[in-house]
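Engineer: Using the sequences plus the hints, can you model the full thing?
Number of protein chains: 2
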Amino acid sequence: MSELRKDPVTGRWVIIASERENRPGVTLPNFADTPPPGPCPFCEGNESQTPPEVLAFRDRNSQRNQKGWWVRVIPNKFPAMKIEGPTLKVGEGMYDMMSGIGAHEVVIEDPRHDMRMSDMPVKQIEEIFWAYRERMLDLHRDLRFRYVMIFKNHGSRSGATLDHSHSQIIALPIIPKQVQEELDGARNYYAYKERCVFCDIIHQEESDNLRIVSSNEWFIGFHPYASRFPYETWILPRQHESFFSDIQINEVADLARLIKEALQRFKKILKDPAYNFVIHTAPCTEEDSPHYHWHVELIPRLTRIAGFEWGTGFYINSISPEVATKRILGLEENGVEPEERVRTSVG
Amino acid sequence: MSELRKDPVTGRWVIIASERENRPGVTLPNFADTPPPGPCPFCEGNESQTPPEVLAFRDRNSQRNQKGWWVRVIPNKFPAMKIEGPTLKVGEGMYDMMSGIGAHEVVIEDPRHDMRMSDMPVKQIEEIFWAYRERMLDLHRDLRFRYVMIFKNHGSRSGATLDHSHSQIIALPIIPKQVQEELDGARNYYAYKERCVFCDIIHQEESDNLRIVSSNEWFIGFHPYASRFPYETWILPRQHESFFSDIQINEVADLARLIKEALQRFKKILKDPAYNFVIHTAPCTEEDSPHYHWHVELIPRLTRIAGFEWGTGFYINSISPEVATKRILGLEENGVEPEERVRTSVG
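Those protein sequences? They're chains A and B, same order as listed. Counting in our numbering, the first sequence runs from 4 upward without gaps. Counting in our numbering, the second sequence runs from 4 upward without gaps.
Rather than coming from a laboratory, the hints here were simulated on the basis of the structure. Treat the numbers as computed from the prediction; the structure is a model and nothing was measured. Mixed in with the good hints, there may be bad ones.
Note that the list lumps identical chains together, so a pair holds whenever it fits in one copy or between two copies.
What the hints assert, rightly or not - Once the Cα atoms are required to be at most 20 Å apart in a straight line, the calculated SDA-like pairs of lysine to any residue come out as:
no.	residue 1	residue 2
1	Lys270	Val125
2	Lys180	Arg190
3	Lys92	Gln207
4	Lys271	Gly158
5	Lys9	Arg190
6	Lys9	Gly316
7	Lys9	Glu209
8	Lys196	Asp99
9	Lys9	Asp211
10	Lys9	Glu184
11	Lys9	Val326
12	Lys180	Thr13
13	Lys9	Ala194
14	Lys9	Asn191
15	Lys180	Asn191
16	Lys9	Lys180
17	Lys9	Gln181
18	Lys196	Gly94
19	Lys9	Arg198
20	Lys329	Asn212
21	Lys271	Arg119
22	Lys92	Leu146
23	Lys180	Tyr192
Structural biologist: Written out as structure tokens, the structure reads:
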């Protein structure tokens, strides 16, 4: 059984999840990035190889756990945490421990093995984000959970172990440290300015117009001023909103458009890198708040993280967001050559 | 010129260092891990290819920037920050910026190209840590700097771009976020308990005796209770001490013994992984404090960091520190097979 342990210095919670050692693909020598042998469990027709679905968008005439779906959500077969069992909090000497209660689900984004999110029709991306929303609303009903995290790893460099396009949902009984820091920072800013820091950032970006990569009626995408990574992209709703799960159907179409645009640019201009995105939203336990503003952070994996970053949370970015914006929009005479896919970490 | 920029939400400082794009080895397509062409600038005899040394332990009869040294410290040829210039702090709209004033040095750990720290005599490792100390003391004299960070990347997976064994020193005009968090956490614990949290951890580890991997008169090494990574190892001085730079000559020998032991075990039991270590010490600007306790964090790079960890600072570790301790000490019947070098990140 996995457990959550708290670092007594920083208060950071870690999952110690021994069972994950047994999942396929992780036990290959030398971390080879070959997929596990056998047919892909995420492909249409192989539904019986996964745990039963918790949500699927499928044809009216199709049956659960059969063909006929276009987005399918299943529990992770090798979960970092389990949904059953009591929430146990105990001290071990000076240390704090909790039982690893949580949900860990996989969103299979397309029935076809080789379809990637960047190439999907906008409508399909819309459906995926709508599935995220439905799962988040459902998981929010479980009062043991304090945070629902949704993220996607694309490409083996990003940590993905299966090729078939998918994303993941994790519901946690704690609020992750960086989420808490973002909340605290936003709350402090609000206490001082009586304005949402993210709303202010949107206004600043619009007035500077140096880092915006895309925008439409409901969303804006830009490279943040203090980007940790080259081409790091944030997508924010223009209107203040704390919870991703409050997104409306007309808004999700606009979000899908910006996501596709960003991924297409990564693919074309940055030569198809691995990438991650994470949805940053307010914790389930928070009220709708004037200070927190949900958003998506998209990071192409062009760099390695070196000891410097690991030890300090301090990042060196070799391409300024202003230059990155020009390049990704094709506004610079010299396009991005493959050799500009630099490592920024300190060698 | 590089600059420091502050994230307005979390307060995290980032170096935007465009000049680093030009260093060798970083411009290769597809992040190939081949070293730059030409002779190694760190090898004995090639001293003229590096900037002039700032410190060298060398034979009495040898000359500066010539052969005859056993540890040599030089400014980084492709520094993340520059030592010259005024410290400029400006607002850019709502954002905060500082000029990228700092020092960035390289410690060449051995004159021989193929010598690795794990294989060096204890005496040589001692000399390296003594060089760290001398440089730290010197950099502390520059009042523009608030923190001196010392770290080592070994192996390309860790972010190292040159094979020749080396480590790095960065002096910063700010305190990195994670360092500040550690300081704040330790200060809060002290305010509550009137004891150093790290001293308490040492006592807890000694009484539990489940996670200790090595110890001697002056130092203790263990896998921390809330390890983020499999085989993550902390080495602490047994006596309370805030600054690494206060280390004494008899202590540094004991530290070198524990470092060598840990690296030898990584090499033998974990099949020669890439690794990082970072020295965590109090900021130059702090007084000697009852709450902060310097230490070394050593992390073998067995895993990839996936989107989950990047987006949240929340880690999943697939091997508990207790199991890792048994394995690294060879106390488990089943030794560590190559296929146990698992990825723990969420695929």
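Engineer: Each hint needs a verdict: does it hold in this structure or not?
Structural biologist: Checked hints:
When the C-alpha separation of Lys270 and Val125 is checked against a cutoff of 20 Å, the pair qualifies only within one copy, where the shortest distance is 16 Å, while the shortest distance between copies is 49 Å. Taking the closest pair of Cα atoms, Lys180 and Arg190 come within 20 Å of each other both inside a single copy (15 Å) and across two copies (18 Å). When the C-alpha separation of Lys92 and Gln207 is checked against a cutoff of 20 Å, the pair qualifies only between copies, where the shortest distance is 19 Å, while the shortest distance within a copy is 44 Å. Taking the closest pair of Cα atoms, Lys271 and Gly158 come within 20 Å of each other only inside a single copy of the chain (15 Å); across copies the shortest separation is 31 Å, beyond that limit.
In this assembly of identical chains, Lys9 and Arg190 lie within 20 Å of each other by CA distance solely across copies; the values are 17 Å between and 24 Å within a copy. For the homomeric pair Lys9 and Gly316, the shortest alpha-carbon distances inside one copy (18 Å) and between copies (13 Å) are both at most 20 Å. With identical chains, the CA atoms of Lys9 and Glu209 are at most 20 Å apart between copies only, with a shortest distance of 19 Å across copies and 41 Å within one. Taking the shortest Cα distances, Lys196 and Asp99 sit within 20 Å of each other only across copies (16 Å), while inside one copy they are farther apart (36 Å).
Taking the closest pair of Cα atoms, Lys9 and Asp211 come within 20 Å of each other only across two copies (17 Å); inside a single copy the shortest separation is 42 Å, beyond that limit. Proximity of Lys9 to Glu184 under the C-alpha cut-off of 20 Å is found in both arrangements, the shortest distances being 16 Å within a copy and 14 Å between copies. Taking identical chains as interchangeable, the C-alpha atoms of Lys9 and Val326 lie at most 20 Å apart only when they sit on different chains, with a minimum of 18 Å there against 40 Å within one chain. With identical chains, the CA atoms of Lys180 and Thr13 are at most 20 Å apart both within one copy (9 Å) and between copies (11 Å).
Proximity of Lys9 and Ala194 under a CA criterion of 20 Å is satisfied inter-copy only: 19 Å between copies versus 29 Å inside one chain copy. Taking identical chains as interchangeable, the C-alpha atoms of Lys9 and Asn191 lie at most 20 Å apart only when they sit on different chains, with a minimum of 15 Å there against 25 Å within one chain. In this assembly of identical chains, the alpha carbons of Lys180 and Asn191 lie at most 20 Å apart whether taken from the same copy (16 Å) or from different copies (16 Å). Taking the shortest Cα distances, Lys9 and Lys180 sit within 20 Å of each other both inside one copy (11 Å) and across copies (19 Å).
Taking the shortest Cα distances, Lys9 and Gln181 sit within 20 Å of each other both inside one copy (14 Å) and across copies (16 Å). In this assembly of identical chains, the alpha carbons of Lys196 and Gly94 lie at most 20 Å apart only when taken from different copies (16 Å versus 40 Å within one copy). Taking the closest pair of Cα atoms, Lys9 and Arg198 come within 20 Å of each other only across two copies (19 Å); inside a single copy the shortest separation is 33 Å, beyond that limit. Taking the shortest alpha-carbon separations for Lys329 and Asn212, only the intra-copy value of 11 Å comes in at or below 20 Å, while the best inter-copy value is 56 Å.
For the identical chains of this complex, Lys271 and Arg119 are intra-copy neighbours only, at 14 Å inside a copy versus 40 Å across copies, given an alpha-carbon limit of 20 Å. In the homo-oligomer, the alpha carbons of Lys92 and Leu146 lie at most 20 Å apart inside one protomer (16 Å), although the nearest pairing across protomers, at 46 Å, exceeds that limit. With identical chains, the CA atoms of Lys180 and Tyr192 are at most 20 Å apart both within one copy (18 Å) and between copies (17 Å).
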